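Taking the hints into account, I'd like the entire structure generated from these sequences.
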Amino acid sequence: AQSVTQPDIHITVSEGASLELRCNYSYGATPYLFWYVQSPGQGLQLLLKYFSGDTLVQGIKGFEAEFKRSQSSFNLRKPSVHWSDAAEYFCAVGRGSTLGRLYFGRGTQLTVWP
Amino acid sequence: GAGVSQSPSNKVTEKGKDVELRCDPISGHTALYWYRQRLGQGLEFLIYFQGNSAPDKSGLPSDRFSAERTGESVSTLTIQRTQQEDSAVYLCASSSDRGPDTQYFGPGTRLTVL
Numbered sequence: 589a590q591s592v593t594q595p596d597i598h599i600t601v602s603e604g605a606s607l608e609l610r611c612n613y614s615y616g617a618t619p620y621l622f623w624y625v626q627s628p629g630q631g632l633q634l635l636l637k638y639f640s641g642d643t644l645v646q647g648i649k650g651f652e653a654e655f656k657r658s659q660s661s662f663n664l665r666k667p668s669v670h671w672s673d674a675a676e677y678f679c680a681v682g683r684g685s686t687l688g689r690l691y692f693g694r695g696t697q698l699t700v701w702p
Numbered sequence: 142g143a144g145v146s147q148s149p150s151n152k153v154t155e156k157g158k159d160v161e162l163r164c165d166p167i168s169g170h171t172a173l174y175w176y177r178q179r180l181g182q183g184l185e186f187l188i189y190f191q192g193n194s195a196p197d198k199s200g201l202p203s204d205r206f207s208a209e210r211t212g213e214s215v216s217t218l219t220i221q222r223t224q225q226e227d228s229a230v231y232l233c234a235s236s237s238d239r240g241p242d243t244q245y246f247g248p249g250t251r252l253t254v255l
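Chains as they are written, first to last, in our numbering: chain A, 589 to 702; chain B, 142 to 255.
There may be inaccurate statements among the hints.
Stated by the list, open to error - Result set (SDA-like, lysine to any residue): computed pairs, CA atoms no more than 25 Å apart in a straight line:
#: 1; chain 1: A; residue 1: Lys649; chain 2: A; residue 2: Ile597
#: 2; chain 1: A; residue 1: Lys649; chain 2: B; residue 2: Ala143
#: 3; chain 1: B; residue 1: Lys198; chain 2: B; residue 2: Pro149
#: 4; chain 1: A; residue 1: Lys637; chain 2: B; residue 2: Lys152
#: 5; chain 1: A; residue 1: Lys637; chain 2: B; residue 2: Phe186
#: 6; chain 1: A; residue 1: Lys649; chain 2: B; residue 2: Thr171
#: 7; chain 1: A; residue 1: Lys637; chain 2: B; residue 2: Thr243
#: 8; chain 1: B; residue 1: Lys198; chain 2: A; residue 2: Tyr620
#: 9; chain 1: A; residue 1: Lys637; chain 2: A; residue 2: Asp673
#: 10; chain 1: B; residue 1: Lys198; chain 2: A; residue 2: Arg683
#: 11; chain 1: A; residue 1: Lys649; chain 2: B; residue 2: Ser146
#: 12; chain 1: A; residue 1: Lys637; chain 2: B; residue 2: Ser237
#: 13; chain 1: A; residue 1: Lys637; chain 2: B; residue 2: Ala143
#: 14; chain 1: A; residue 1: Lys649; chain 2: B; residue 2: Thr243
#: 15; chain 1: A; residue 1: Lys649; chain 2: B; residue 2: Tyr245
#: 16; chain 1: A; residue 1: Lys656; chain 2: A; residue 2: Thr696
#: 17; chain 1: A; residue 1: Lys637; chain 2: B; residue 2: Pro248
#: 18; chain 1: B; residue 1: Lys152; chain 2: A; residue 2: Gly629
#: 19; chain 1: B; residue 1: Lys198; chain 2: A; residue 2: Glu652
#: 20; chain 1: A; residue 1: Lys656; chain 2: A; residue 2: Tyr615
#: 21; chain 1: B; residue 1: Lys152; chain 2: A; residue 2: Pro628
#: 22; chain 1: B; residue 1: Lys198; chain 2: A; residue 2: Ser614
#: 23; chain 1: A; residue 1: Lys637; chain 2: B; residue 2: Thr171
#: 24; chain 1: B; residue 1: Lys198; chain 2: A; residue 2: Pro595
#: 25; chain 1: A; residue 1: Lys637; chain 2: B; residue 2: Gly169
#: 26; chain 1: A; residue 1: Lys637; chain 2: B; residue 2: Asp242
#: 27; chain 1: B; residue 1: Lys158; chain 2: B; residue 2: Gln178
#: 28; chain 1: B; residue 1: Lys152; chain 2: B; residue 2: Thr253
#: 29; chain 1: B; residue 1: Lys152; chain 2: A; residue 2: Gly631
#: 30; chain 1: B; residue 1: Lys152; chain 2: B; residue 2: Ser214
#: 31; chain 1: A; residue 1: Lys637; chain 2: B; residue 2: Lys158
#: 32; chain 1: A; residue 1: Lys649; chain 2: B; residue 2: Ile167
#: 33; chain 1: A; residue 1: Lys637; chain 2: B; residue 2: Gly200
#: 34; chain 1: B; residue 1: Lys152; chain 2: A; residue 2: Arg694
#: 35; chain 1: B; residue 1: Lys152; chain 2: A; residue 2: Gln630
#: 36; chain 1: A; residue 1: Lys637; chain 2: B; residue 2: Gln182
#: 37; chain 1: A; residue 1: Lys649; chain 2: B; residue 2: Pro248
#: 38; chain 1: B; residue 1: Lys198; chain 2: B; residue 2: Gly183
#: 39; chain 1: A; residue 1: Lys656; chain 2: A; residue 2: Pro595
#: 40; chain 1: A; residue 1: Lys637; chain 2: A; residue 2: Ser660
Hints are computed from structural coordinates only; laboratory data are not their basis. Quick caveat: nothing in here was measured; it's all calculated off a predicted structure.
Listed below in structure tokens is the structure:
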């Protein structure tokens, strides 16, 4: 069965520190990979996505993610966190055979200390 | 252009009542999705509409849940005889193409069943 694991439920970092949020998935073929961010009271906003090609993808707000097939991972990174990055982050996986539905991880809540 | 809109933004109902949640997708988007987000959880797929194809209902948790879509426009998610475990945020998303294309999410409807 398809699954997405975000092992860190809550992460706290200081403003200006670097950030890495982990995401692992289980799927036999190459998946389609997404990171979304959800701020309090808001819907989900797409940060970045990987469909094919270069395994290092750049997104909005200075975020990037790297697809590592050998590790079944798609970790999200940012070199210097801003207080406005405090939010919940969701990793999601899609497969063409499932007609577009996404499988989501449980999310990682990011707290940023000033 | 306008994004995905949902109404109402909040709904409080009594156990056993029926509720209807509405989603207006981005104009021109052929695919529409409903997800449920329980407190502290990731998103759980409910149902997917793609054009005139039969909807993928595989995520609906019980026969109390149903959804309709008028052409490639508005969708309504109906929950009959609501239970307390139905309390969640119901998110709608739309995308422009078949398959795991970028899904754009609405702000959600927060349903509270007393």
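Given the proposed pairing of lysine 637 of chain A with alanine 143 of chain B, does the C-alpha separation stay at or below 25 Å?
22 Å, holds
Below or equal to 25 Å on CA atoms is what counts here, so check lysine 198 of chain B against proline 149 of chain B.
23 Å, holds
Given the hint that lysine 198 of chain B pairs with arginine 683 of chain A, test it: the Cα-Cα distance must not exceed 25 Å.
Between lysine 198 of chain B and arginine 683 of chain A the Cα gap is close to 17 Å, so the pair holds against 25 Å.
Can the restraint linking lysine 198 of chain B and serine 614 of chain A be considered satisfied, given a maximum Cα separation of 25 Å?
Holds: lysine 198 of chain B and serine 614 of chain A sit about 23 Å apart, inside 25 Å.
Please verify whether lysine 198 of chain B and glycine 183 of chain B have alpha carbons no more than 25 Å apart.
Satisfied, since the Cα-Cα distance of roughly 19 Å is no more than 25 Å.
Hint check: lysine 637 of chain A vs glycine 200 of chain B, CA-CA at most 25 Å. Holds or violated?
The hint holds at about 24 Å.
Would the hint linking lysine 649 of chain A and threonine 243 of chain B be met if the CA-CA limit is 25 Å?
Distance ~18 Å between lysine 649 of chain A and threonine 243 of chain B Cα, so the pair holds.
Are the Cα atoms of lysine 649 of chain A and tyrosine 245 of chain B separated by 25 Å or less?
Roughly 17 Å separates the two Cα atoms, so the pair holds.
Agreement of lysine 198 of chain B and proline 595 of chain A with the hint, judged by alpha carbon distance not exceeding 25 Å:
Roughly 29 Å between the alpha carbons, so the hint for lysine 198 of chain B and proline 595 of chain A is violated.
Straight-line Cα separation of lysine 649 of chain A and serine 146 of chain B no greater than 25 Å?
24 Å, holds
Has the given pair, lysine 152 of chain B with arginine 694 of chain A, been kept, meaning a C-alpha gap of at most 25 Å?
Roughly 24 Å between the alpha carbons, so the hint for lysine 152 of chain B and arginine 694 of chain A holds.
Just to be careful, I want the Cα atoms of lysine 637 of chain A and lysine 158 of chain B compared with a cutoff of 25 Å; is the pair within it?
Violated: lysine 637 of chain A and lysine 158 of chain B sit about 40 Å apart, past 25 Å.
When each numbered hint is compared with the structure, violations occur for hints 4, 6, 19, 24 and 31.
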